[in-house]
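Residues in the sequence shown are numbered from 75 upward in steps of one, following our numbering.
One or more hints might be untrue.
Derived DSS-like pairs: lysine-lysine, alpha-carbon spacing no greater than 25 angstroms straight-line [as the list claims (entries may be wrong)]:
id: 1; residue 1: K509; residue 2: K227
id: 2; residue 1: K509; residue 2: K100
id: 3; residue 1: K367; residue 2: K600
id: 4; residue 1: K528; residue 2: K96
id: 5; residue 1: K618; residue 2: K632
id: 6; residue 1: K88; residue 2: K100
id: 7; residue 1: K600; residue 2: K100
id: 8; residue 1: K100; residue 2: K119
id: 9; residue 1: K509; residue 2: K528
id: 10; residue 1: K550; residue 2: K528
id: 11; residue 1: K227; residue 2: K632
id: 12; residue 1: K550; residue 2: K509
id: 13; residue 1: K528; residue 2: K618
id: 14; residue 1: K91; residue 2: K119
id: 15; residue 1: K490; residue 2: K550
Simulated from the structure, these hints should not be mistaken for laboratory data.
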Amino acid sequence: MSLAEDTGGPAPFKPLKQKPPKITVKRNDAGAIYISSDHPLPEMKRSVPHILEERAGLHPDRNFIAERGPDGAWRFITYAQANAKADAVASALLQRGFDSTTPLMVLSGNSIAHAVMALGAMKAGVPVAPVSVPYSLMSSDFSKLRHVVSLAKPKMIFADHGDLFARALETVGGGAEIVTQTGSVPGATSYDDLASTASGNAVRASMEAIGHDTVAKYLFTSGSTGMPKGVTQTHRMMMAQLAAAEALRTEEPDPDEIPQSLEWMPWNHISAGNIGFNGNMNAGGTVYLDAGKPIPGMFDQTIANLREVSPRVFGSAPVAFAMLADAMERDDTLRASFFRNLEYMGYGGATLSSDLYDRMQALAVAETGTRIPLTTMYGATETQGITVVHWVTERVGLVGLPVPGITLKLVPNGAKLEVRVKGPTVTPGYLNDPKKTSEVFDEEGFYSLGDAAKFLDEDRPELGLVFDGRVTEDFKLSSGTWVSTGTLRADVVAACSPIVQDAVVCGLDRAFIALLAWPNIAAARKLAGLPDDAAPEAVIAHPKVVEHLRAALARHNKAGGGSSTRIARIHLMLEPPSIDGHEITDKGYVNQAATASRRAHLVERLYEEPAPEDVIVV
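Given the sequences, and given the hints that come with them, work out the whole structure.
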């Protein structure tokens, strides 16, 4: 049911407490377009650990981080407790002679101990190198883990649960001190002992030496190149991100308000580990660590948490919004808790379908009488967030406009505009890779993201930019027609919702476009009316699933732009993307080229004549 049917017309939006767009657009003779925000960037704070100390002084007893204990109850650490334990860790590292050349590597997921270790390392001037958990737990050969260890050369490796990471630690931990909180790893240092080290003047001296150019972290990103690169993260980058957010606020925050957030995204990504974590700390909020994930069987934990935690902002992938909408349509108590404090929602990773947008807004209106602004941010590990939708819009798919302090440069590249960026949130370069560093910056010092963007309306640039795919992923059909892989992938995933979770667009030098796609088995079972134990092979072959996809893609084709967007065939795959095969990036995005190469035999099946039985012809 649409909003109009539910409410008699669109309900007003809840006010978004952010400034409207105000930009300057310039063009040069070569056709490049420069876009910058006219909202000035305010003075930046000094560093992440200085914010911790500030908050510990302002409200020492306020809860900082919460996680579920073994008994299922929330356990908390206050700002004062976190600051004291971080001081202890810093003191322990300084006593060992650690400095900017001796990184701390973290293999674990999000936890209170992870946060304390990271903040302690930063207080000591020691860079933190959080690593994607799948490198340790989902890899069979540990190739990426060995690579990042050889790149960073850590002097200490922290793994919260030693037994869980024992194989990984045995593989890579030879030259580093191992720290664990639980488990029985031979020779490991106890986290509790480390976090109880007496703190002295050395920590104060270390804090005084920290400035904007001090390296805070190394984050690893593989993108489409296979092996990860170590992206340098300075305090300037993270403080500029916070300052940009402050620059867009229309009112000062209530000092007595304790904003709540619920975080499932891993801290080895900028979204959660930098923007989310630092933003929560800067606001004096409480972050609840969510062990759930937006996948069937694990989202129940997120649902349970949302019954207790009412976030100010909720961000996740579109698949999570679909699961959440399903749950809230059946559970008024959950709906009330979710919308109680909510100011806006954010999404990323894929396009949010119009149907799902309408469902979420219908739920918002039913609970609050208003629609909730839906926004998104765009950026990369190398840049932090560089654009944001900071105004109310009904348009799904925008990536916004530059945040204060950032200048975008859109450079003609074939039929597209390639995105480049300059500003204080941009990395100074890659760890131990000056050649790669020099390759990604142009003659004006702009970092090239390899993405494309376009104005929603060229005559009204203040309406924002739309993501236009990866420049390097586009290809030509045998007819010479260009296919914009990134935008087409997002469109077809949205069109096939909720049955398709992700897809690979195929067709290089072929006569037509076809898809390799990963199904949402739980959603497909529901559509087909099959029991929970129905075999996946039977689910994806069920006539109702086949007809749903055929009809969805037919509608997509009818609304599309000819051969550059028309999907002729689709094959559903049950083997998940391979970490070791480089099919999935560290952000969880599908690497189109690597997947098509690794699964070349399936690509060939898409183009067999006649089409095999497991290939759906649209």
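Hint by hint, where does the structure go against what was stated? Just the numbers, ascending.
2, 6, 7, 8, 9, 11, 12 and 13
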